Amino acid sequence: MSDTASNGQTPLVEMIDMHKRFGGVHAVEGVTIDLYPGEVLGILGHNGAGKTVLTKILSGAHRADEGEIKINGKKVDLHNPRDAQNLGIETIYQTLALADNLDAPANLFLGREIMTGFGTMDDDAMENESRKVIQRLNPNFKNIKDPMRTMSGGQRQSVAIARAVYFNAKILIMDEPTAALGPQETAMVSELIEQLKKEGIGIILISHDLHDVFDLSDRVSVMKNGKLVGTRYTRDVTKDDVLGMIILGKLPGETTPEDGKALH
Amino acid sequence: MTNQSGSERAGAVGQKSESFFNAFFRVTELDLRTTAMLTALIAIWVALYFLTDGLFLSPRNLTNLAVQGAVVGIMATGMVLVIVARHIDLSVGSLVGFTGMFVAWLHVDFFPSILPGILPLDSDLGWILAVIMTLLMGVVIGLWHGFWVAYRGVPAFVVTLGGLLGFRAMAWVVSDGRTISPLNDHFELIGGGANGSIGEFWSWIVGIVAVAIIILITARTRKRRRKYGIATKPLVVEIIMIAVYSAVIFGFVMIMNSYMRPRSDIPRGIPVPVLILIATVIIMTFISQRTKFGRYVYAMGGNPEATELAGINVKRTTTGIFVIMGVLASVAGIVTAARLQSAGNLMGFMQELFVIAAAVIGGTALAGGVGTIFGAILGAAVVFSIINGMVLMQTTSAQQQIALGLVLIFAVWFDVAYTKRKR
Ligand SMILES: Nc1ncnc2c1ncn2[C@@H]1O[C@H](COP(=O)(O)OP(=O)(O)OP(=O)(O)O)[C@@H](O)[C@H]1O
Ligand SMILES: [Mg+2]
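Each protein sequence line maps, in turn, to chains A and B. Those letters in the first sequence? Residues 1 to 264, per my numbering, in order. Those letters in the second sequence? Residues 265 to 687, per my numbering, in order.
Just so you know, the hints here were simulated from the structure itself, not pulled from any lab data. Quick caveat, the model's predicted, so the values are computed rather than measured. Mixed in with the good hints, there may be bad ones.
Said to hold, decoys possible - Partner residues are not named here, just some residues of chain A that face chain B (Cβ under 7 Å, in silico): (1) 61; (2) 65; (3) 81; (4) 85; (5) 87; (6) 99; (7) 100; (8) 101; (9) 102; (10) 113; (11) 120; (12) 121; (13) 128; (14) 132; (15) 133; (16) 139.
Said to hold, decoys possible - Computed cross-link-like contacts, SDA-like style, restricted to lysine to any residue with a CA-CA straight-line distance of at most 20 Å: (17) 556/B x 198/A; (18) 198/A x 66/A; (19) 491/B x 250/A; (20) 491/B x 198/A; (21) 132/A x 442/B.
Ideal placement from N, C-alpha and C gives every residue a C-beta, glycine not left out.
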């Protein structure tokens, strides 16, 4: 790739030549991306382009068939989500990954419960912490002790975001984080992203909505049919250029006049 | 109390005016489902009281009822976790047969034949060792089930159906089809026969300790909630609730103490199997509500994929569930053999159905994710009240089973209708 954000800096994340097959489906095919501290990398592409599968490899949810992952320049082996969490990688999954029968604090702390001195769960402490972090994201969200099943799409998404933010991620993967949110909450998430950036956190932001990503990302990577089309600095390209990458799978400059017509 | 049961608190916080019922549920933190179950149970008891001319509620009958139900109750607490995690265990009846036979064979046949000098039938060490080894056998059986379900992906229905057939046969193999008896006299006390109760004094001690624990937990909860500024119940309500619980507990002790030993006026007190049931309920409630393991079981039932993505070892948790179920089935097998004072081939026969029925009638959803230990005990109480009451009414066992079948359908229908309305 011609574009890197390097100024001699080590990337926070490098995923090199990743491959993942599901039976006959080559979901991810030779994709290489990197991510720097304090950077937002947008990943764009059609439905089924392989965005989720690629990032789930980094979350430890999928094992890659081939490829190498480096965190801070060191090769790592991610066997399961716990490994990724331990390296400071937090994920907001597209499906939100919430247990509908549990309440918000139980979901927020699932797998990382606050314990009392007796080795039992401290539900009150978890409720208290949850209120604080959820309050910040979504001030209107009060009924956090109800089971998730009774909550709105936006509330569910708030819990998923709160969970990823709470544990001091160094690397944050956001797979369609605002799909169910209203304009006000979406603005809140944008603000959150800006703030996390300032703290030096690297963020991978997935969306198939171009406009969402364009305003927040420093760079965009475009995927099509499991392959990487290319990565560009957002400031160097126009929305139309990126649209061309998404739809045609070609880099700006490679397009022919006919291609241009097809776009409009 | 956590909201793990998935049962919502009917009263939402912050409502200006609320109905009496909403206020009742919010203040007591009881959910509608449990309250309905309790009401149904009381209604059944009142009906049976009149239908049997008062016989049903006599101390003697209530004691028998508790002892009969104990074995199924003990296993129902484990079945709740199994079903909550979206599995099923069809083998528990056969496990009672196998482990009951195993514990008897060990201390009656095996130990006395290999170590006649050290572990004869009448030695206490022999039966104690047999009990320990049988509990360990429960662990091994649970690991076996867990291995196939969690690590080999065979549905629990199939694995435990294999167990249903296999363990019944293994019970037969252990004893060559014989009925093993007599058993050690002290071992038989576990079954709660004529002398298998803890007596008046210790029954009161159990009751007093139980009340003390409730007061302690209430106080601690209040203190903790205060610390975080989480709303606590009004003190009056807490005191009334403690008074109600105490009345129930002391009432229970008094009933158990008004059934006398044969040809005497010495109170029997709480039968040992009932004591084991109480201990099981406390431990299992603690596991399901206060430990990480319990939380993960419910999370798996709600969304297995999400549980795995949260970094939880789902396979190990699944295995843990079957190990607990295996141990509880062993406890049930030990109690059954001790109660029958012999180990025969029909121990636990078809009991899996009663255990599953108790859990389901008690509000455990077969779709997973929802169910409480306390509910399952209420379910077991319903099942055995109906059987016991109908026996007193001199019905046939066929009629009893028809009635139970109808109750099961009715209970699940209630659950379906209730869940729909809540959405
Ligand atoms: N667990 C799986 N098993 C089999 N195939 C899968 C699995 N997960 C994804 N795939 C396939 O891999 C391909 C890429 O899917 P992926 O979910 O990464 O797409 P995406 O870019 O995230 O799309 P969307 O924008 O719709 O979320 C698709 O063809 C999908 O069918
Ligand atoms: Mg996706």
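Hints, verified against the model:
1. With a cut of 7 Å, the hint placing residue 61/A at the interface with chain B holds, because the nearest CB-to-CB distance is about 6 Å.
2. At a threshold of 7 Å, the smallest CB-CB gap from residue 65/A to chain B is about 20 Å, leaving the interface hint violated.
3. Because the closest C-beta pair between residue 81/A and chain B is about 4 Å apart, less than 7 Å, the hint holds.
4. Because the closest C-beta pair between residue 85/A and chain B is about 5 Å apart, less than 7 Å, the hint holds.
5. Checking residue 87/A against chain B: minimum C-beta separation of about 12 Å lies over 7 Å; hint violated.
6. At about 3 Å, the closest approach between the beta carbon of residue 99/A and any beta carbon in chain B falls short of 7 Å, and the interface hint on this residue holds.
7. The beta carbon of residue 100/A is positioned within 7 Å of a beta carbon in chain B (closest approach about 5 Å), and the interface hint is therefore held.
8. This hint holds: residue 101/A has a C-beta 4 Å from the nearest C-beta of chain B, less than the 7 Å allowed.
9. Because the closest C-beta pair between residue 102/A and chain B is about 6 Å apart, less than 7 Å, the hint holds.
10. A cut of 7 Å between beta carbons decides the hint on residue 113/A: the least distance to chain B is about 5 Å, and the hint holds.
11. Evaluation of the residue 120/A hint against chain B yields a held restraint, the C-beta minimum of about 4 Å falling below 7 Å.
12. A hinted interface residue such as residue 121/A counts as satisfied when its beta carbon comes closer than 7 Å to some beta carbon of chain B; here the least separation is about 6 Å, so the hint holds.
13. Interface restraint check for residue 128/A: the shortest CB-CB distance to chain B comes to about 4 Å, inside 7 Å, so the restraint holds.
14. With 7 Å as the threshold, the beta carbon of residue 132/A stays out of range of chain B, its nearest partner Cβ sitting at about 10 Å, so the hint is violated.
15. Interface restraint check: residue 133/A against chain B, minimum CB-CB distance 14 Å, threshold 7 Å, status violated.
16. With its C-beta approaching chain B no nearer than about 14 Å, residue 139/A sits outside the 7 Å limit, and its interface hint is violated.
17. Only pairs whose Cα atoms come within 20 Å are accepted, and residue 556/B paired with residue 198/A is rejected, the gap being roughly 35 Å.
18. Between residue 198/A and residue 66/A, the direct Cα distance comes to roughly 33 Å. Violation of the 20 Å bound is thereby established for this hinted pair.
19. At most 20 Å may separate the alpha-carbon atoms for a hinted pair to count; residue 491/B and residue 250/A exceed this at roughly 60 Å.
20. As the CA atoms of residue 491/B and residue 198/A are separated by approximately 34 Å, the hinted pair breaks the 20 Å bound.
21. A C-alpha spacing of about 66 Å is found between residue 132/A and residue 442/B, which places the hinted pair above 20 Å, so the restraint is violated.
Figure legend: structure checked against the earlier numbered hints; hints not met, in rising order: 2, 5, 14, 15, 16, 17, 18, 19, 20 and 21.
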